[in-house]
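Participant: Here is how the chains run, residue by residue.
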Amino acid sequence: MNTHNKSRAILKARKVVGRTLIFRNVEVADAAFILSLRTNIKKSKFLMPVSPELDRQVAWIEDYEHKTDQAYFIIETNAGTPLGAVRLYDAAGDSFCWGSWVLKDGAPHSAAIESALMVYSYATDHLGFRAAHQLNVCKGHENMCRFHESFGAERVGETESFYVYQISLEGINAIRSKLKMYLAENVTVEW
Amino acid sequence: MSKIPHSEVIAAVEKALEMKPGLLGENTRAEEVDMWDSVGQLSILVALDKLFDGKIAHINEMAEADSMSKILNILKRHALI
Numbered sequence: 004m005n006t007h008n009k010s011r012a013i014l015k016a017r018k019v020v021g022r023t024l025i026f027r028n029v030e031v032a033d034a035a036f037i038l039s040l041r042t043n044i045k046k047s048k049f050l051m052p053v054s055p056e057l058d059r060q061v062a063w064i065e066d067y068e069h070k071t072d073q074a075y076f077i078i079e080t081n082a083g084t085p086l087g088a089v090r091l092y093d094a095a096g097d098s099f100c101w102g103s104w105v106l107k108d109g110a111p112h113s114a115a116i117e118s119a120l121m122v123y124s125y126a127t128d129h130l131g132f133r134a135a136h137q138l139n140v141c142k143g144h145e146n147m148c149r150f151h152e153s154f155g156a157e158r159v160g161e162t163e164s165f166y167v168y169q170i171s172l173e174g175i176n177a178i179r180s181k182l183k184m185y186l187a188e189n190v191t192v193e194w
Numbered sequence: 002m003s004k005i006p007h008s009e010v011i012a013a014v015e016k017a018l019e020m021k022p023g024l025l026g027e028n029t030r031a032e033e034v035d036m037w038d039s040v041g042q043l044s045i046l047v048a049l050d051k052l053f054d055g056k057i058a059h060i061n062e063m064a065e066a067d068s069m070s071k072i073l074n075i076l077k078r079h080a081l082i
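As given, the protein sequences belong to chains A and B, one line each in that order.
Going from the first sequence to my numbering is simple: count from 1 and add 3.
Going from the second sequence to my numbering is simple: count from 1 and add 1.
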């Protein structure tokens with residue numbers, strides 16, 4: 004029975020199913036994989052620093068399991084191969100944030116595009132959000148700036164360290180209609 | 002209705018990848034072009050979406066098109082070029 008009507012809270016689905024990818028809610032067993040992503044020399048340059056100790060990552064996930072204001076997913080192929088991670092957080096009215104988004108070296112180009120579309124489909128089709136805000140991109144991470152801009156996000160400000168983007172529902176729907184080859188239908192959700 | 006020539010498709014992809022005109026060939030692969038990463042792929046698809054007036058959105062094979070030859074062959078198969 005689906006007791007999760009559309010609401011503006013960030014709910015933790017057990018799985019979010021896309022075309023070639025699945026988002027699976029993070030578990031303690033994912034700690035080593037997450038740590039490998041976040042401590043990768045190339046990728047960690049643009050991520051918030053984390054302790055390299057596995058115990059600390061395990062403790063973070065154990066703490067996350069009790070949180071009700073965010074959803075942290077492992078991005079996997081349909082066959083269960085982990086490719087990366089992504090997090091939705093900071094619900095504010097009908098807007099949400101997403102980030103902590105990292106894909107491992109060698110992940111196909113399509114994974115970045117499809118996973119971004121899945122975030123937006125999950126957030127708008129299933130959770131009822133109508134915009135994404137505070138999409139912070141580290142200054143210097145030009146690739147990510149271009150990615151959000153290509154998706155239709157608008158740069159609305161900056162801090163000392165970040166450019167800040169946001170995107171409306173209209174922008175989200177516009178890019179989704181252009182990229183149906185990556186995600187033709189809404190994602191399906193297993194609660 | 003006249004079809005769009007290969008040269009125009011290549012020019013659109015070059016522009017999407019911020020490449021100088023003439024550098025992209027019909028056999029160029031993504032791995033040969035620095036800018037042809039996931040962001041580049043996204044830019045290409047947005048450009049082609051505009052060039053073909055929305056007709057490529059439902060062509061699933063475009064999601065894995067990581068070379069000019071694949072792009073052109075897909076467009077040919079769908080009678081767009």
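For the record, the hints were derived by calculation from the structure and aren't laboratory data.
Computed from a predicted model, the values in this text were never measured in an experiment.
Glycine included, C-beta positions come from ideal geometry on N, C-alpha and C.
Hints are not guaranteed to be accurate.
As the list claims (entries may be wrong) - Chain B residues, not near chain A, derived (Cβ > 12 Å throughout):
(1) 8
(2) 21
(3) 46
(4) 51
(5) 77
(6) 82
What the hints assert, rightly or not - Simulated crosslink set (DSS-like; lysine-lysine; CA at most 25 Å straight-line):
(7) 181/A to 77/B
(8) 15/A to 70/A
(9) 16/B to 51/B
(10) 16/B to 4/B
(11) 107/A to 183/A
(12) 142/A to 70/A
(13) 183/A to 51/B
(14) 56/B to 181/A
(15) 71/B to 183/A
(16) 77/B to 16/B
(17) 107/A to 48/A
(18) 16/B to 181/A
(19) 56/B to 77/B
(20) 4/B to 77/B
(21) 71/B to 181/A
(22) 77/B to 15/A
(23) 70/A to 4/B
(24) 56/B to 183/A
(25) 181/A to 51/B
(26) 16/B to 183/A
(27) 51/B to 4/B
(28) 21/B to 183/A
Unchecked claim - The following label-pair restraints were derived from C-beta to C-beta distances:
(29) 141/A to 55/B: 32 to 40 Å
(30) 21/B to 56/A: 41 to 49 Å
(31) 9/B to 48/A: 37 to 45 Å
Participant: For each hint, tell me whether it holds in the structure or not.
Facilitator: Now the hints, each set against the structure:
1. 8: The assertion about residue 8/B holds, with a minimum of 23 Å to chain A.
2. 21: Answer for residue 21/B: holds, closest chain A Cβ roughly 18 Å.
3. 46: 6 Å, violated
4. 51: 9 Å, violated
5. 77: Non-interface label on residue 77/B holds, nearest chain A Cβ at 17 Å vs cutoff 12 Å.
6. 82: 17 Å, holds
7. 181/A to 77/B: It holds: about 19 Å lies between the C-alpha atoms, which stays within 25 Å.
8. 15/A to 70/A: 10 Å, holds
9. 16/B to 51/B: Status holds; Cα separation ~13 Å.
10. 16/B to 4/B: Holds, at about 20 Å.
11. 107/A to 183/A: 24 Å, holds
12. 142/A to 70/A: Violated: residue 142/A and residue 70/A sit about 30 Å apart, past 25 Å.
13. 183/A to 51/B: Cα-Cα ~14 Å, so holds.
14. 56/B to 181/A: 9 Å, holds
15. 71/B to 183/A: Satisfied, since the Cα-Cα distance of roughly 18 Å is no more than 25 Å.
16. 77/B to 16/B: Since the Cα atoms of residue 77/B and residue 16/B sit roughly 21 Å apart, the hinted pair holds (cutoff 25 Å).
17. 107/A to 48/A: 14 Å, holds
18. 16/B to 181/A: Holds, at roughly 18 Å.
19. 56/B to 77/B: Roughly 13 Å separates the two Cα atoms, so the pair holds.
20. 4/B to 77/B: With Cα atoms ~10 Å apart, residue 4/B and residue 77/B stay inside 25 Å; holds.
21. 71/B to 181/A: 19 Å, holds
22. 77/B to 15/A: 43 Å, violated
23. 70/A to 4/B: Distance of about 55 Å is beyond 25 Å: violated.
24. 56/B to 183/A: Distance of about 11 Å is within 25 Å: holds.
25. 181/A to 51/B: 9 Å, holds
26. 16/B to 183/A: 22 Å, holds
27. 51/B to 4/B: 15 Å, holds
28. 21/B to 183/A: Violated: residue 21/B and residue 183/A sit about 29 Å apart, past 25 Å.
29. 141/A to 55/B: 32 to 40 Å: For residue 55/B against residue 141/A, whose Cβ atoms are near 34 Å apart, the range 32 to 40 Å holds.
30. 21/B to 56/A: 41 to 49 Å: Holds: the Cβ-Cβ distance is about 48 Å, inside 41 to 49 Å.
31. 9/B to 48/A: 37 to 45 Å: Holds, since residue 9/B and residue 48/A (Cβ atoms, about 38 Å apart) stay within the stated range.
Consistency note: the structure conflicts with the earlier hints numbered 3, 4, 12, 22, 23, 28.
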